[in-house]
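Asks: Chains as they are written, first to last, in numbering that gives the first Met the number 0: chain W, 0 to 1059; chain E, 0 to 232.
Quick caveat, the hints were computed from the structure, so don't treat them as lab data.
Possibly wrong hints are sitting among the right ones.
In silico BS3-like cross-links for lysine-lysine, where the CA-CA straight-line distance does not exceed 30 Å [claimed, not checked]:
1) W:Lys1048 - E:Lys80
2) W:Lys958 - E:Lys80
3) W:Lys693 - E:Lys31
4) W:Lys485 - W:Lys289
5) E:Lys155 - W:Lys1047
6) W:Lys138 - E:Lys23
7) E:Lys113 - W:Lys1047
8) W:Lys269 - W:Lys254
9) E:Lys186 - E:Lys23
10) W:Lys958 - E:Lys157
11) W:Lys693 - E:Lys62
12) W:Lys693 - E:Lys206
13) E:Lys119 - W:Lys958
14) E:Lys186 - W:Lys1048
15) E:Lys119 - W:Lys1048
16) E:Lys62 - W:Lys1047
17) E:Lys188 - W:Lys1047
18) W:Lys14 - E:Lys80
19) W:Lys1048 - E:Lys62
20) W:Lys509 - W:Lys266
21) E:Lys113 - W:Lys958
22) W:Lys156 - W:Lys198
23) E:Lys31 - W:Lys958
24) W:Lys266 - W:Lys157
25) E:Lys188 - W:Lys1048
26) E:Lys13 - W:Lys1047
27) E:Lys31 - W:Lys1048
28) W:Lys693 - E:Lys178
29) E:Lys23 - W:Lys1047
30) E:Lys155 - W:Lys958
31) W:Lys410 - W:Lys397
32) E:Lys155 - W:Lys1048
33) W:Lys819 - W:Lys830
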Amino acid sequence: MKNRIITNSIRNIFKSFPRFISLLVMSALGVFTFAGLQATAPDMISTLDVYLDSNNVYDVQVISDMGLTDDDLNAISELESVESTEGSKFKQIVALTGSNEHVISVHQLPENMNAIKLTSGTMPVADNEIIVEENLLTKEELAIGDSIVFEDEGFVKKEAIITGTVSSPLYYNNVKIEQNRGNTGVGTGIIAYYAYMPKEAFDMDVYTVAYITVNGAKEVETGSQVYESKIAKMTEELESIKDERQNARRDSIIKEANDEISENEAKADKELGDAKKELDDAKSELDESKTKLEDADKEITSNRDKLNSSKAQLDNAKAELDAGERSYNAQNEEFKKGEAEFEAALKSAGLTADGIAGALKEADNGIESLKKGIADIDARINSGVLPPEQVEQLKAQKKGLEAQLTDLQGKRTNLQKLSDTKTQIDSGRSELQAARAKLDSSKAEYEQGLAEYNSGVVSLESAQAEYDDGMKELEDGEKKYEDGLKEYTEKEADARDEIQNAKDELKDIKTPSWYINDRRDYLTYSDYLDDASSIANLSKVFPFLFFLVAILISLISMNRMVEDDRMEIGTLKSLGFSNGQIISKYVMFSLLATLIGAVGGAIAGLIVLPEMIFGIYKILFDIPGPELSPRWGTTLIGVAITVACVAGSGILTAYAVLKEKPASLMRPKAPRMGKRVLLERIPLFWNRLNFSGKITVRNLFRYKKRVFVTIAGIAGCTALILIGFGMKDSIVDIPSAQFDEIYNIDGMAFLNTDDKDDSVNDFILEKPEIVKTVSTAKVSADVSGSDVYFVVAENQEDLGEIVILSDSVTGERLSLEPGKVVITEKLARIKKLSVGDTIDVKDINNNTYSYPISGIAKNYFDHYIYLDDETFNEYSTYEPNLIYFTTNLDTTEEREQLSEELLKRDSILSVTYKETLIENADNMLQSLNSVVFILIILAAMLAFVVLYNLSNININERKRELATLKVLGFYNHEVDSYITRENVILTIIGIGGGLILGFFMTSAVVSTIEIEKARFMYRVLPQSFIFASLISVGFTLIVNFITHFNLKKINMIESLKSVE
Amino acid sequence: MAYIEFHDICKIYKMGEVEIDALKDVSFNIEKGELVCVLGPSGSGKTTCLNILGGMDDATSGKVTVEDREITALHGRDLIKYRRTDIGFVFQFYNLIQNLTALENVELAVQLCKDHLEPKDIMEKVGLGDRMDNFPSQLSGGEQQRVSIARAIAKKPKLLLCDEPTGALDYKTGKQILKLLEDTCRKEKMTVIIITHNTAIAPMADKVIRFKSGMVEEVIINENPVPIDDIEW
């Protein structure tokens, strides 16, 4: 025989299916929110933990500003807490990537720790190969094979070829929105990308960082208390060897430096000696050439004298020659005259000069022959032989011959005379010829002398020129030598100075500083933990409100169920069933409903909420995951709370009922008594109510418990929704408020302080689009673990026009006092500082500076310390690195164009507009905002279930009454309004209460989710009240609509039944 | 034509696959101003019959006319209007609105129609002039039933339908209630139909309709009804 109690119980579930479902849904929602939200933060943390541990990411890192040696590493690895340690190098460097300059953090390829993942391409092997984060390729439009040019020192090569892309567990902030890998002291101040190169690529002999994993840290969850205590121990141990190692490093640096200095000194001495010798050589060479030149000068002078005397001789010779010529010419004239006379005589003699001798000879011959003829004649005459006629004839012939002889003898005398003249002429001629020859030879001699002289002059002149050149050369050489000497002197002084400086500096060498950082010092890590803790905080408040409402409603539901079953319980009791058996029905019902709901809700919650919320946080964090793990503890607590409350309430009500006697149970329970309500005593109010109004009012007071629960339920849900909206309101406008209320700027230009440019402000101000500029310095610093920015006022009035400093409480304008600072509200709050206190600020080198606080300023985002330039100079020399400006531009295109123009100036590193800043901050807050949105939806769902459930209970409880009204002829809408009027009033009261409750709870809830660097606004906007109300009203309307059909379904026959 | 006519009314309830004939070819007439007793054991169909007449249930087939108006043809709002104006209903368990005083319960009904009796007068008439401001829980069963009757007749209905009006009352109180119904019928000339399983009171009626197993067993016309005061049981 089957157990009919069980049959009844099972049938009961189907009979009361809506009740079953609503219990189920309520438990599901409660546990969903509870388990889900509770699991989210641990899941987020374990996701991070798995991510970091699986990549063997360091727990603690030691960075030394002067590098770490192998000795340092050995010393570290000997520490008790150290699991392993790895020395590594990294350098932040300005590099040209494509067409842009960015700061890239270049790391050495890891050995064991901080395992990187090659996402494409190949690992770099050579010292000019590099792997970069993928964003660098996409954002800079580069490809594998392209080069990156380093603009700073630090690497062996000046350029590196991209061989692949890499993903590093050291950087997991999401950079989709803003390419920012952290702050740096280099270039723009912002690390844009990370990259890896082989060890050999680094031009440094020491490690930059020692990565350390801590014993047993992997086994515990990162960020947990156990973990933190292990880290604290590690840090302590490191601190204990820090001084020793720092000093050791200092000593080795000093030794190294000393060696270097000695080496440099020797080198300098040698170099200077060489230079000196060279100079001396040059000097002696110069002297030598000077002597030579002087000799040459002398020779030239003597040559010139010689030339001058030969010139005089030549001149004399010339005069003589001229006189000789003249006398020759005169003689020649005379001779010519004599010759002409001779010629004439000759001519008259009819002779030629050469014929004279012949004629003379002929004359001589003629005279001879005549003389012979005469002689012959005489002989003959004298011989007397001869007749005297013949002698007379011979006498006559002799006479004739004698005449002939006389004539011939005359002629011969003339001839002789001519011949003498001729001889005379001939001798005159030869004399003349000799004179001529002599003249000619002296002329030739003269001419040769002249030529010789002339050539002597030429060679003298060339010698002179040569001398002049030589002289000039000498002068140049001397000048050069002087210069060289001067240079040498200077250089020598410099070199000596330098060496002296180096020696002096050596005295000033600071002790190296060890920076012992753990994971928390990576901003993204602590942001992530902060966010997880926001969620954890939220999960401490929100689900309990949920539970409260859900349990309240379930309780009344179960209560109602038991009440409905009075008769049955009585019957069963009278039949003799034990209390336990009777109760088992309700236990089973509620257990089934809540268990199914709770387990289903838990499973869904454990998966859906962490997935959703983690998904949202992926906007900020680039971490694979989430790693979901069943959170049995919290889940069981959630399920247990639900089951205990719902099933417990059923059991308790059932027990209360069971206490009654079966007989009284079988009798219908006296309907709840109607009675007058207090309001009726106020005729002014009561008389104004119409009939149905009166009924409604009385009904409301009649079912006090249900009314209370309904109001509480609606109030709770409305409060939840309002809290959701309130959180949204407190978050969503922070970025724009920051710029509307505090930073009255349109944009800002970051300056390169290495590139001194005093006129950059004027340059910006000259642009027609720029309205106003204010130069300032924004410098990041550390206030006990919080990142803060100094904002330095160069001119207080100028800054005041653009950065509105107003008291966080009174709103009065604050002014900067010399030597004092104004800090922002949130900073004051988290560091528990107030006006009159002093704030301690640490710089990059861990030096602490204290400033008295003169004011606390309103601010929403980031922490700022405002101070004037003189006060700042204590901390660091004031140098403007930022120019705030306002523009008259409206469109993005115009702004882009302006920034392009501004960026042409070398000293302007980057230009950022308000819109971008707001967008970035918005994106950061977007995650939280989305989480809030999920909560609003959950709250709204709960609100719906609550209202629906309550309305159902209301109808069930009053079925008979409603049936009666129907029988009496109430129209459907009249029946509806009979019920819904109550709903509406309850809703209104509930909403009112919920809005008040929500308003006061918002600040409490908001403070739990507030992130460190923002001051949430702690406000609920009017429209949020409206939205929250509208959602509740909307659900009331939907529920009323559904109620309408439920009411329609009520059978009038019900009215005829006996009271149950 | 009779004031109320039932023509071949059938009512079949479908309970899943099982069909139950609650009424089978029920036909009868009731004249205006008659006091009718409907008798029959539990489940004989008398209540179903009354529900159909009262516009609270519909017939599977057949026709019911009241004053020539076919009420089986009425639907929705018209049916509600019929209930609202033409029908007064007295329940076995009074069905008073607990939250309203006796007078207010009457007023609740009165607000539904323009042509109605003054609630206070009617309360006087049912003998509760001094208990008007009491809540139902402060009244005895008989008093509650009087309120219920007052609520029903205040609307000046054409028909007063009473389903076991004395079922939950003791003899004396029950008799008082029946007296009130009788008076209402005789003095106000209202058609009153009383369902009861108490055959003893049948003589007070002008007409007695007996039901058995969903069918009209007999209709007895009583020429000389006996006033209830004279009936003892």
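Asks: Give a verdict on every hint.
Replies: Status of the hints after comparison with the structure:
1. W:Lys1048 - E:Lys80: With a Cα-Cα distance of about 18 Å, the restraint between Lys1048 of chain W and Lys80 of chain E holds, given a limit of 30 Å.
2. W:Lys958 - E:Lys80: 21 Å, holds
3. W:Lys693 - E:Lys31: 37 Å, violated
4. W:Lys485 - W:Lys289: 21 Å, holds
5. E:Lys155 - W:Lys1047: Holds - the C-alpha atoms of Lys1047 of chain W and Lys155 of chain E are around 26 Å apart, at most 30 Å.
6. W:Lys138 - E:Lys23: Roughly 87 Å separates the two Cα atoms, so the pair is violated.
7. E:Lys113 - W:Lys1047: 25 Å, holds
8. W:Lys269 - W:Lys254: 22 Å, holds
9. E:Lys186 - E:Lys23: At roughly 35 Å apart (the allowed maximum being 30 Å), Lys23 of chain E and Lys186 of chain E break the hint.
10. W:Lys958 - E:Lys157: 27 Å, holds
11. W:Lys693 - E:Lys62: Violated, because 40 Å separates the two Cα atoms, which is more than 30 Å.
12. W:Lys693 - E:Lys206: Given that 30 Å is the threshold and the Cα spacing comes to 42 Å, the pair is violated.
13. E:Lys119 - W:Lys958: 28 Å, holds
14. E:Lys186 - W:Lys1048: This hinted pair is violated, its Cα atoms lying about 38 Å apart.
15. E:Lys119 - W:Lys1048: Since the Cα atoms of Lys119 of chain E and Lys1048 of chain W sit roughly 34 Å apart, the hinted pair is violated (cutoff 30 Å).
16. E:Lys62 - W:Lys1047: Between Lys62 of chain E and Lys1047 of chain W the Cα gap is close to 25 Å, so the pair holds against 30 Å.
17. E:Lys188 - W:Lys1047: Judged against 30 Å, a Cα distance of about 34 Å means the pair is violated.
18. W:Lys14 - E:Lys80: Violated - the C-alpha atoms of Lys80 of chain E and Lys14 of chain W are around 33 Å apart, more than 30 Å.
19. W:Lys1048 - E:Lys62: 24 Å, holds
20. W:Lys509 - W:Lys266: 27 Å, holds
21. E:Lys113 - W:Lys958: 27 Å, holds
22. W:Lys156 - W:Lys198: 12 Å, holds
23. E:Lys31 - W:Lys958: Status violated; Cα separation ~34 Å.
24. W:Lys266 - W:Lys157: 28 Å, holds
25. E:Lys188 - W:Lys1048: With Cα atoms ~36 Å apart, Lys188 of chain E and Lys1048 of chain W exceed 30 Å; violated.
26. E:Lys13 - W:Lys1047: It holds: about 20 Å lies between the C-alpha atoms, which stays within 30 Å.
27. E:Lys31 - W:Lys1048: Given pair Lys31 of chain E, Lys1048 of chain W is violated - Cα atoms ~33 Å apart, limit 30 Å.
28. W:Lys693 - E:Lys178: Measuring from Cα to Cα gives roughly 33 Å; hence the hint is violated.
29. E:Lys23 - W:Lys1047: Answer holds: Lys23 of chain E to Lys1047 of chain W is near 28 Å, not above 30 Å.
30. E:Lys155 - W:Lys958: 26 Å, holds
31. W:Lys410 - W:Lys397: 19 Å, holds
32. E:Lys155 - W:Lys1048: Holds: Lys155 of chain E and Lys1048 of chain W sit about 28 Å apart, inside 30 Å.
33. W:Lys819 - W:Lys830: 17 Å, holds
In summary, the structure is inconsistent with hints 3, 6, 9, 11, 12, 14, 15, 17, 18, 23, 25, 27, 28 from the numbered list given earlier, while agreeing with the others.
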